[in-house]
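Here is what each chain is made of, one letter per residue.
There are 2 protein chains.
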Amino acid sequence: MADTELDERKVKILNAIIKNYLETGEPVGSRTISKYTDLNLSSATIRNEMSDLEDLGYIVQPHTSAGRIPSDKGYRFYVNNLIAEKDKEVSDMQEWMIEKTEKMESLLKNVAKTLANNTQYATLVSAPSVVSNKLKFVQLSAVDEHQVLSVVVMDGNIVKNKIINVEKPLDNETMLKLNMLLNTNLNGLTVDQINLALITKLKEQAGIHDEIIAQVLDTVAETITEGDDLQVYTSGATNIFKYPELADSKKASELLDTFEEKQSLMELLSDSTSEGDNTGIQVYIGDESPISTMKDCSIVTATYELGDGVKGTIGIVGPKRMDYENVVDNIKSLKGQLDKLLKQEADRNK
Amino acid sequence: MADTELDERKVKILNAIIKNYLETGEPVGSRTISKYTDLNLSSATIRNEMSDLEDLGYIVQPHTSAGRIPSDKGYRFYVNNLIAEKDKEVSDMQEWMIEKTEKMESLLKNVAKTLANNTQYATLVSAPSVVSNKLKFVQLSAVDEHQVLSVVVMDGNIVKNKIINVEKPLDNETMLKLNMLLNTNLNGLTVDQINLALITKLKEQAGIHDEIIAQVLDTVAETITEGDDLQVYTSGATNIFKYPELADSKKASELLDTFEEKQSLMELLSDSTSEGDNTGIQVYIGDESPISTMKDCSIVTATYELGDGVKGTIGIVGPKRMDYENVVDNIKSLKGQLDKLLKQEADRNK
DNA sequence: TGTTAGCACTCACTCAATTGGAGTGCTAAT
DNA sequence: ATTAGCACTCCAATTGAGTGAGTGCTAACA
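Residue numbers (numbering that gives the first Met the number 0), protein chains in the order written: chain A, 0 to 349; chain B, 0 to 349.
Source of the hints: derived by calculation from the structure; they are not laboratory data. Remember, predicted model here, so these are calculated numbers, not experimental data. Misleading hints may appear alongside valid ones.
One copy or two, it doesn't matter: identical chains are merged, so the pair holds either way.
[Claimed, not checked] Here are the computed lysine-lysine pairs in the DSS-like style, where the Cα-Cα straight-line distance is at most 27 Å:
| id | residue 1 | residue 2 |
| --- | --- | --- |
| 1 | LYS72 | LYS250 |
| 2 | LYS200 | LYS161 |
| 3 | LYS167 | LYS133 |
| 4 | LYS339 | LYS167 |
| 5 | LYS261 | LYS161 |
| 6 | LYS72 | LYS249 |
| 7 | LYS161 | LYS339 |
| 8 | LYS133 | LYS34 |
| 9 | LYS159 | LYS108 |
| 10 | LYS72 | LYS9 |
| 11 | LYS261 | LYS34 |
| 12 | LYS11 | LYS34 |
| 13 | LYS294 | LYS200 |
| 14 | LYS108 | LYS339 |
| 15 | LYS176 | LYS161 |
Take the sequences, apply the hints, and build the full model.
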């Protein structure tokens, strides 16, 4: 693992520097390291090594005659080592969720919340993208003379509804027929597969009541397609005030803005779904982040799956000196639970 | 309107002080006022008057030999005058909402957003409280063998749904009977009226299938009752960084926490629904606020109605030196539009 | 040749003293 | 009743000395 440019001692020192900095948030000096570590070396020797490490770009000095802090490259090295090594104990998390499957929305809100509580960082969770998700159930019902309620249930019990205004009341028979039509034709299909052609075909089959039904069908299609892009739940955004390096007015304001404007967060999450590595866990450090306002942060994301195809994402945003071990642990465990939960949900529906 | 303790000149000076402070956010001195206003008085005279105003409690000095800033009492005086006088022009707002009635949720989110944009303060909007709201439509449908979807529509097209897990599949006939039972008994009732007694009665009527149906009924009741307390939409929380007196780390963190933890916001809003005055607009200044973390802020709330009984609330939170005129204008206009919109909605459903 | 001790140097940070300016309160004159 | 003038107060910004943590370099050492 160790690059050729780093001998074992340098690695040890680098690790010591980073570990220490993660704890304190202060630049760490040569004397500290010389006492802190088991390799008995004087501060002077450490200084020489640190000088080398700085030349190699793993650590930087905020100013002359200050201690060193890890550079992005340094963090990256640390994280790579960490994730490769560590893969054993999975922290036990609360089991509350198992019972609360009924509503995807509240489940995800809870996930975001507990994760934020556990880690003390800001978290975000995106709802499973509906695009490659299967339709399970469609139903239209007349609420009153001029309004029809359409309810759509997707795999994973994601429920969507929409009220459709109609000119003339639909009689019971038509209603029944429509429901039949929709369910037999749409059930089990993914949103991808429900395209214009299919809709047109349905319209034709609907036959006589063409006008009204066309309108209804359009709206149903809309219901299924729309709005699933904004589903991001965040929590613990204010945790960033706990880290002085992020808490100054300007940075905090920008960051919180980004969190409030969930749109841009989507980019972050969708970005990470594409280039997932084997573990499904992604770490962005500083400038590596796709969002510029987060260039002073680190971001850890994981994607969880539901049935086939990649779906939703969990993310944690914190200072660069975040406790990567703990975070990766937490997020990994959570991802596992979500995967299991949703899979079992899917199985049950078979 | 002018209290006996304030002669006309004092009122003018007080107004000048407050207006100036609203703009600058800096303590305002006697010389500024002497030049700023049309009443030609020397700074010395102003000083005397200011001294009086301070004794009367309308303004305070942050420290000796600084200018004066309005006290809560001063703001209160200003606001009272303002709201009484001003009632003419209602600023024209975007008309986008008219078309978007279908989904209460997105409507309210939009309201919060535009309001935040227009005023540059933090806003919160609570969904119409369902408590005194009428049930319009209930429906159970079998999604698959073990899951039943219950959909409840309330007045104002608030849709709630919940998935109920059942042991044994329910056959079509039972389903139909259940739906009938629910709709005939519950339609038109308010949540208040759906109490334990009624539920028990329903269970009895359900008869044979007692066990399963009891479970379903319980869940439906739960669906109706639950969760409507958390429906608060916020926007523009980060606007507080625009006002230095709120932007320091500690205060900002507390405030944003309060905004994230929507629960406590509910108190604020529900509080204001109770003691609405004639216009339905409430202004809390500083310590008057029911939430302690907001004691450095002012809060303007308005309640909008839907049919009979008080329902939802719109609120704005900003610094004490907020632009009350503009805010009250905005909020009043918005309240009017919401009232109208929801009323017309209600009418159409008659 | 790698390691260490020692020393001079740098730089941020703290604290106190200094200064300038904005603003007040009071008094005496109009 | 109003105003001009002056002494006074207090904040805010500036300066400068002192401190300490940390570095880089050199020379000695094993």
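Against the structure, the hints:
no.: 1; hint: LYS72 x LYS250; result: within (22 Å within a copy, 35 Å between copies)
no.: 2; hint: LYS200 x LYS161; result: within (22 Å within a copy, 32 Å between copies)
no.: 3; hint: LYS167 x LYS133; result: between (32 Å within a copy, 24 Å between copies)
no.: 4; hint: LYS339 x LYS167; result: between (47 Å within a copy, 24 Å between copies)
no.: 5; hint: LYS261 x LYS161; result: both (22 Å within a copy, 26 Å between copies)
no.: 6; hint: LYS72 x LYS249; result: within (25 Å within a copy, 33 Å between copies)
no.: 7; hint: LYS161 x LYS339; result: between (30 Å within a copy, 22 Å between copies)
no.: 8; hint: LYS133 x LYS34; result: neither (60 Å within a copy, 72 Å between copies)
no.: 9; hint: LYS159 x LYS108; result: both (17 Å within a copy, 17 Å between copies)
no.: 10; hint: LYS72 x LYS9; result: within (14 Å within a copy, 65 Å between copies)
no.: 11; hint: LYS261 x LYS34; result: neither (46 Å within a copy, 48 Å between copies)
no.: 12; hint: LYS11 x LYS34; result: within (13 Å within a copy, 69 Å between copies)
no.: 13; hint: LYS294 x LYS200; result: neither (49 Å within a copy, 61 Å between copies)
no.: 14; hint: LYS108 x LYS339; result: within (18 Å within a copy, 33 Å between copies)
no.: 15; hint: LYS176 x LYS161; result: both (19 Å within a copy, 25 Å between copies)
The earlier numbered hints that this structure contradicts are 8, 11, 13.
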